[in-house]
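Sequence order for the protein chains is A and B. First residue of the first sequence? That's 1 in the working numbering, and the numbers climb one at a time after it. First residue of the second sequence? That's 1001 in the working numbering, and the numbers climb one at a time after it.
Calculated from the structure, these hints are not laboratory results. These figures come from a predicted structure and were not determined experimentally. It is possible that some hints are incorrect.
What the hints assert, rightly or not - Pairs of lysine-lysine residues, derived as DSSO-like cross-links and limited to a Cα-Cα distance of at most 30 Å, are as follows:
no.	chain 1	residue 1	chain 2	residue 2
1	B	Lys1306	A	Lys66
2	B	Lys1214	B	Lys1355
3	A	Lys66	B	Lys1205
4	B	Lys1319	A	Lys66
5	B	Lys1214	B	Lys1332
6	A	Lys66	B	Lys1322
7	B	Lys1332	B	Lys1205
8	A	Lys66	B	Lys1075
9	A	Lys12	B	Lys1114
Said to hold, decoys possible - Examples of chain A residues lying across from chain B (beta carbon under 10 Å, computed):
no.	residue
10	Thr17
11	Arg18
12	Ser21
13	Leu22
14	Thr104
Using N, Cα and C, we set each Cβ at its ideal position, and we do this for glycine too.
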Amino acid sequence: MLHTFIALVDNKPGVLTRIASLFRRLNINIASLTVGETEREEVSRMTIVCDAPENAAHRIRASLYKLEITRDVDEVGRSEAVIRELALIKVEAGPPASSSSSRTHLFELAEVFRARIVDLAPESLMLEMTGSASKIEGLIQVLVESGYKILEVSRTGRMAMRRGKHTSRVMKALGSKAHEDESPLDPDALPPSERIPNQFAEHDA
Amino acid sequence: MTKSKTNPNAPTLTGAEILWATLVGEGVTDVFGYPGGAILPAYDALRKFPIHHVLVRHEQGAVHMADGYARASGKVGVAIATSGPGATNLVTGIATAMLDSIPMVCITGQVSSKVLGTDAFQEIDITGITLPITKHNFVATRAEDVAPMIREAFQIARSGRPGPVLVDITKDAQQATCVFDFEAAVPPEYRPHPMLHAESADMAKAISLMRGSKRPVILAGHGIIQAEAEAEVQAFAERHKIPVATTLLGLGGFPASHPLALGMMGMHGESWVNNAIQQSDLLLAFGMRFDDRVTGNLATYAPNAKKIHIEIDPSEINKNVKVDVALIGDLKQVLNTMAPLIDQAGEPRQVDVTKEWREEIRAMKGDASVRDIINLPDNGHLYAAHVINDIWQEAKAAGRLENTIIATDVGQHQMWEAQYFRHEATRSLVTSGGLGTMGFALPAAIGAKIACPEKDVWVIAGDGGFQMTASELSTIVQEDIHINIAVINNGFLGMVRQWQEAFYDKNYACSPILSPDFVKLADAHGIPGAHVTERSQVLPTVTKARTGASAFLINFSVEKEDGVYPMIAPGAALHEMVRRPNPLIETSED
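For reference, chain B alone in the conformation it holds in the complex:
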């Protein structure tokens, strides 16, 4: 495309300028990156464009920030790095985005096309390396390639099941010039997956399964948020009075305070949720993929339940769990099409058919609350679950709950957050589910805050994960943004320790971990902080952090050996949960 057929006034620009101009055309306002030799021409051109660039301290931070930005806003996140080590540092973050289906475009510099394949300085085959972890990737070797490839990258990233796309731009492509026409660079029309299949025969079957069901459960996953179908799901659940369980990534998609909300299901889901699923006669899976964390042992999963699966990715159908009806398409569209069909299918049921079922579940909840750590006296110990619940209470009392975003790291604290921070608003939880990437929280929170500056953003991280990307504290200060950081510090890699306790005879091999004084560390970066060692200090310190003028770090010294319960051991069925050992809490400190 050297001449613009449509626009005689199209300017001649360098590839580097075209890169930014195309991003502006795609609606990008913020990017996260780190310069280097092969991407230098692009950085030189940046000043001519109204794009806010966040300089990170490690490229992994850049890609996690783009990820958090996308999760919080629904827009495509953009990360930029140079060739060689800059590009390889993105790999973990790209894989994180791939497994959680996050729309993202990563742009990497590349050595000049003349020396490709010669092991040049900082040359790496990043497109080869990221083949399995991107939806697609591109190499632009000429200035003419830049605009169409970037536009197509955005289209791929946000279409169908979203995911990360990488565009590798050689240095000479950035330096060469050509005519730039944003409109002419439009990608070919998006071809939806040919196996989308939600025909009326299947809908009729789904509806008849629903009519025959007295013990249904809706399983709501990340898809309900990505399809922007939260309202449709809620209306559907209320119309048919069906309780709703969510996956980790579905939290917030269905308000936790809703009478039909069950909470998170799966390996660390509450007992009533998992028991309800195992005893149900119909599962309606909306935008979820029956991940192994959610199902437990597949052979004994929901043995008496028929299954309806509404899913946009055909390759997920029958992958793990064999279903009775699959409606393959966009969740919002499918629900909107189905709703009137259900009403037409017969007179509305006069009797509240699921009433008994809901009462059974309520009784299960009541039984479980005896063991719930939230209801137990702390006897002077500081429990992570209490800390997290207090952060939730504080936000709620201040009327800020709907405007709070929590970014968690990975581990025990992540599970306690899912259990005890009751998300009401969609896109209020930013967490790495599929890959489970430690070090995710801090940069993802930064991305979320840049996306949603008016919201209160909390990092909830363990002492292990926090150390992995702690250097991004400087990014917070350089960007002058207010992020609240809660480090749940127990001196251990907690989840590893819990598994070693349960399955490896308490052989705590390499799980006790020495950390710096995080308050001093924050101070060295220019961020104030405080230590909390007692329950009574929690709420006032949380309020101080949230209402203060700047970022703030709180180091919570919590109980060293505490377990997340319930827990489902590998190979165990969803109802074979290990429960909290004893109504009276016993720990190694007693």
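Bound-form chain A, shown alone:
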């Protein structure tokens, strides 16, 4: 199962290595990892998507917190966060004369998927798409099934941010309990897993 973690870490050299080394030690495969700046100069934000059993989330969070460079770790699911990634896709599309219809068709596909054309070259065309992973994969699948040759794909990996005003868990001490079935459309609603997850609640008789 894929887990998505948002980790706020010290903005210092070597931090990326420590995190990567931890996942290697735990023998967990990282599907994608992005890291970048935040609103605070001394803090970096990493979004890590990893493939691990469902009950491994507690251990991964606990192990991340054991690293001295980790300030906060949050695990997000799809309902409680906005998740996006960016992809650049280079597609083979011949000179206008011979395959004008295929170029036009590509433009239409781009419009449907709300992808932008960022490069037009005599024999190729580059699409830029921002969206959920499933949308990006959808576009790629349609391109392939429509007979286009995909020359290159570059993806950033997932980036995520919680909905609602409590976007940064570093602003903590929220304490209040949230209900599992709270409507995700309510911008002030606390996400269900705002509390530290208590695994032991599962096997209360």
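Use these hints to put chain B onto chain A, whose structure you have.
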């Protein structure tokens, strides 16, 4: 931090001087190390500071000494080495400390920051190499970095679950100068792990599990010693009359002579301990991590028992064994909080609820003693178990047991020590559990003796492990300290041989090992010694060693092919123990 805001009189010192001054400020009195090019400025500055430096013969010795020092005293051990090979020689010892959660700070020299990354002479990326085996590590490239990094290193080493921290200091950082203010270099306040979680709801659940239990067992691990919670655990066990089993590293944390003490559990634990665990209805795990040596096959581990886990490291919860209640925090604090809650939870139980259970366990002990090698005639053979038990008897008879520290190496002798040297005092056993590092005993004993000069320190090592770090015998002589060395010599890598006998059809591939005459070897280092080949010689030679004026080595020529029993084969359940083959001892010598 080039100017001190708080102290206008703060001196300007070199990075090398700041290194020692910070160590002094952190309360360090002894360090273990070996000089070299990249750490030379530090060694030059040493004479200005009241720190006792122990020169070792191999950097692995230095880090094991710092480890033994920390285990015996509870203080943070400090080891120092140069760059390149000096640093890499520390790796095994750092990993040893990491797996046993020992507080330690290792300081390594590094090439000048100007040539970092150019494969300079004796340059190695030691921080990269030690990433997985340290709690954290630092590189100081400026003199200003030295004090804050070292202070933070000490804080990390001793906080939460202790562990080793490495600080790499470049040569130019040692040579540069800056203002030194020890107080201003204080690290930011320690942030406890955010997932500590011992709330009253969980405590209430734990208490209700306890009230419903008639066959409880306490599993006490290294954590009870590190939390300094020995008294709390003992009070808890006595109040609720719960028998106590310990892990290897928990030995000494609960006195062996206590009526509730069961002894060591696990792969080579005694049969009654393991059977009790398998038949229990409640396990209270205090400061232990359900290591595979302790549980046997996880699928069949304590099948009828509810489990309460008190542990300071959240990542250990449910790692191996799924528990019913986890109280994540400092053991001492949790027990102190729980004790009055248990009393409030209801009237104290009038009936001694665990009496029947304790009697069942006593009967198990009785059954087992028939096979126990201690109770069997030796028929002229010298058994390691008898030797070790005699060392224990001798210390006890002399009234020195509470002031004796045993440092073992790794292997069969280590298991016999756990079974037959009955530790009464906390911090009296120094042994490598998690990593199982051969060669640990001799240097660790030196560290323990430096930490506790008034105690009697014994090395108990096999002939294999002893050879790995034997050169530290010279360190003993140079430091002029009294250490008693017992080499349990059977001409084999004993534990390997036992596994080859049990699982590889007695194919003794590379397990017979040729050793030097250890008494002559000791003599060459300047240490007197004696050979012991018969049981009758054991006690007098042990007394001679212990009461003598200097270090002493005894080579015990013991039974060549003897097995540690009980033994749990890999994949077998905790109660599926292989027992000593026959009440009459049979060996290849008969």
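Each hint tested on the structure:
1. B:Lys1306 to A:Lys66: Since the Cα atoms of lysine 1306 (chain B) and lysine 66 (chain A) sit roughly 28 Å apart, the hinted pair holds (cutoff 30 Å).
2. B:Lys1214 to B:Lys1355: Holds. Lysine 1214 (chain B) to lysine 1355 (chain B) sits at ~9 Å (cutoff 30 Å).
3. A:Lys66 to B:Lys1205: With Cα atoms ~27 Å apart, lysine 66 (chain A) and lysine 1205 (chain B) stay inside 30 Å; holds.
4. B:Lys1319 to A:Lys66: Roughly 15 Å separates the two Cα atoms, so the pair holds.
5. B:Lys1214 to B:Lys1332: OK: lysine 1214 (chain B) and lysine 1332 (chain B) at ~25 Å, within 30 Å.
6. A:Lys66 to B:Lys1322: holds, 21 Å
7. B:Lys1332 to B:Lys1205: holds, 19 Å
8. A:Lys66 to B:Lys1075: Within the cut-off at roughly 22 Å; holds.
9. A:Lys12 to B:Lys1114: holds, 19 Å
10. Thr17: holds, 7 Å
11. Arg18: Arginine 18 (chain A) check passes; min Cβ-Cβ to chain B is 6 Å, inside 10 Å.
12. Ser21: With Cβ-Cβ at 5 Å, under 10 Å, it holds.
13. Leu22: holds, 8 Å
14. Thr104: violated, 53 Å
In this structure, only the earlier hint numbered 14 is contradicted, and the remaining ones agree with it.
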